[in-house]
Each structure stands twice: as structure tokens, then as C-alpha cells.
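J.: The primary structure of each chain is shown beneath.
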Amino acid sequence: MPLFKKTLYSTDFSPLAEVALDYVKKLKEAGEEEVVVVHVVDDLSVELPDGTDLLKEEDVYKILPEVDQEYLINLIEKLNAVKEILEDEGLKVKIYLKYGNIPKQIVSVADEEKVRLIVMGAHGKGLLSEILLGSVSTDVIREAKCPVLIVKRREE
Amino acid sequence: MLFEKVLYPFDMRKASLKVKPYVMKLKEAGCREVHVIYVMVPSEWGLLSREEFDCEEKIEALKGTMDEGFVSGLLKIFRKMKEVATEFEENGVKTRVVLVPGELDETLAWYADKYGIKLIALGVTSESLSFFRVGKILDIIKAVSQPVLIVKTPEEEDGEV
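Keeping their order, the protein sequence lines are chains G and X. So the mapping is simple: the working numbering equals the position in the first sequence, first residue as 1, plus 2. At position 83 of the second sequence the residue is numbered 78 (the working numbering), and the sequence of numbers has no breaks.
There's no promise every hint is true.
Stated by the list, open to error - BS3-like cross-link-like pairs, simulated, lysine-lysine; straight-line CA separation at most 27 Å:
1. G:K30 - X:K75
2. X:K77 - G:K8
3. X:K75 - G:K7
4. X:K77 - G:K116
5. G:K7 - X:K89
6. X:K13 - G:K27
7. G:K116 - X:K109
8. X:K0 - X:K58
9. X:K89 - G:K28
10. G:K28 - X:K58
11. X:K89 - G:K116
12. G:K28 - X:K53
Calculated from the structure, these hints are not laboratory results. For clarity, every value in this text was computed on a predicted model and none was experimentally measured.
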């Protein structure tokens, strides 16, 4: 059964997201063939329409201040680095850089790409992050149509 | 070995069965052992001290402290879990079937740490993830340190197994 054939890897480029990446790589042994890597930005100095595709809609960059442009270019480099890592594992990879509500955009890409599983890290230490765990991870779990793998800490 | 030992909470609902094919598939990614667990929550089974009921004899022994109907109910659950475990065994995956009294989140966290579990595979209904009921799932994710695989089932497809 192709249960893990196409997965979505949501990354914020944190150390925990790197741990989640290990799981994405490992799933290749369970039939994973393609990975959709997603990063969502919600902190630009200019408000953009929810769901703006920051890889395809190049015109958007013209209205952004230089600091935002540099920030986004850096994120694209990071996404490409992840892409390379996964391609080296023999996986087909597609990257997305979206603007907007983080859980909403993750689920939207998951639907559009018809992925079988979403893999993401959930920060779970400290009172504030305990509360925040509810916002992104829980919203993704609640709204996603496919299974979700929540990774919490490094495998020892 | 990221998926070596999987904890599979089972609650006699169809939703918890939906996660089974995923766990089975993880065998290809190194899953060697599956622990099928039923948590006897105090609101349904009364207050019992934490113990691992991993054979029918131990459950039968509860007859002295628990209503006989309850014990029969537990035996029914245990046998169903054994049935589920057989499928894993037939696929070369070692299994353990166990009933443990306690609160859901605390018990799963305690058990997962005690047995070196690498992944918790949770079958839930969409309803249990609705805005007002999401707390239970969130409590589990917060309580455990292991990764959690959540497989959802629409409410209309759920029911007792």
C-alpha cells in the first residue's frame, strides 16, 4: 500500500525540523518516493495576500523592502539545501515558500499536492511553547485530511 | 532505529484500527516490535493502581476487586487486542498486548519511556480533533517525548469494533 508514497515536510529550519527531516528520509524505506518541502513566512514587514507563492510570484519582491528580500533569498537557499539533501537520498522533491497563516498554508499545500502524510516538528518545552504547540501543530492535525507525524525531540 | 518500537494505543473503536496499516508498513522502515496498549481510564474503570495486565490470568484475578461484568469487558478487549497483534506477529513483528490503568496521557508517556518506545501511533476521530475536544490529543502530544503519528477517521466511519 502506498501509504507514505508522497509526504509533506514542513520546516521552520529549526534544530527540531532537522530531526523531523531524519524521519522523512527514513520513510523512503517504507515506500516514500516524493517529498514536498514547505516553509511558510508570516513575518514580512509588508502584508501580502494569504497564500502568496514566494517562489513563483516574483513581482511581489518589487514591493518588499530590501531587508525582506534578503530574508526571503536566504530562505530559498535553505529550502534548496533541504531539497539537495533529500534528492541525494534518491527522493523526488518539490519546494514551496508561502506567505500567510502557517497551519492554513501547510494544509493547503498538502491538499493541493495530495500528500499521504505531513511530517513536522512540534516544540514542546516551556510554558509558552506548550501553549503554542496548540496553535500550529494542533491546527495542522485538526485541518489536515491526511495523517500527521509530529516529531518532538532528537532520537537518541 | 527511528521506528523500531511502536506503541499502538487501542480503544475498541474503528478509528484506532485505522492506524494499523501504517504501523504494518513501518516494518519496511525498521519496525520490529509493536506494543498494543489499552488504557483503563478511571472515569470508565474506577481507580486502580498502575499495573500491567498482559495476560488473561492477571485480568481474571481482578474478579476479587472488580465487578464481574467489568472483568468480562476487559477480557473481551484483551482478546480483541490479541487478534490485532496476531496480524503483526504473522508479518514477523514481535508484539506485546497490555492493559494499564491510569489517565490516558500520563499512562502512555510512562509506558513509552519505560519500554523505550520510538513512535506512538494514534488513531483518532475527526470529532475528537474538533475545536472543543482537541485537548485530549494535545495532552498526549504534550505528555510524551516520542514522535506521534496521528491517523484520522471521519466520525461517521467510527464505531465500536
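J.: Taking the hints in turn, state whether each one holds.
T.: Cross-check of the supplied hints:
1. A hinted pair counts as satisfied when its Cα atoms are at most 27 Å apart, and K30 (chain G) with K75 (chain X) does not qualify at roughly 32 Å.
2. As the CA atoms of K77 (chain X) and K8 (chain G) are separated by approximately 32 Å, the hinted pair breaks the 27 Å bound.
3. This hinted pair does not check out: K75 (chain X) and K7 (chain G) have alpha carbons roughly 30 Å apart, beyond 27 Å.
4. At most 27 Å may separate the alpha-carbon atoms for a hinted pair to count; K77 (chain X) and K116 (chain G) exceed this at roughly 35 Å.
5. Pair hint K7 (chain G) plus K89 (chain X) holds up; C-alpha atoms about 25 Å apart against a cutoff of 27 Å.
6. Distance restraint check for K13 (chain X) and K27 (chain G): the Cα-Cα separation of roughly 24 Å lies within the 27 Å cut-off, and the hinted pair is therefore satisfied.
7. A C-alpha spacing of about 37 Å is found between K116 (chain G) and K109 (chain X), which places the hinted pair above 27 Å, so the restraint is violated.
8. For the proposed pair K0 (chain X) and K58 (chain X), the alpha carbon gap of about 32 Å is over 27 Å, so the pair is violated.
9. Under the criterion of a C-alpha separation no larger than 27 Å, the hint pairing K89 (chain X) with K28 (chain G) is consistent with the structure, at around 21 Å.
10. A threshold of 27 Å between alpha carbons decides the hint, and for K28 (chain G) with K58 (chain X) the separation of about 46 Å lies outside it, so the pair is violated.
11. As the CA atoms of K89 (chain X) and K116 (chain G) are separated by approximately 33 Å, the hinted pair breaks the 27 Å bound.
12. In summary, the hint linking K28 (chain G) to K53 (chain X) is not supported, as the alpha carbons are separated by about 38 Å, beyond the 27 Å threshold.
Hints 1, 2, 3, 4, 7, 8, 10, 11 and 12, counting from the list given before, are not met by this structure.
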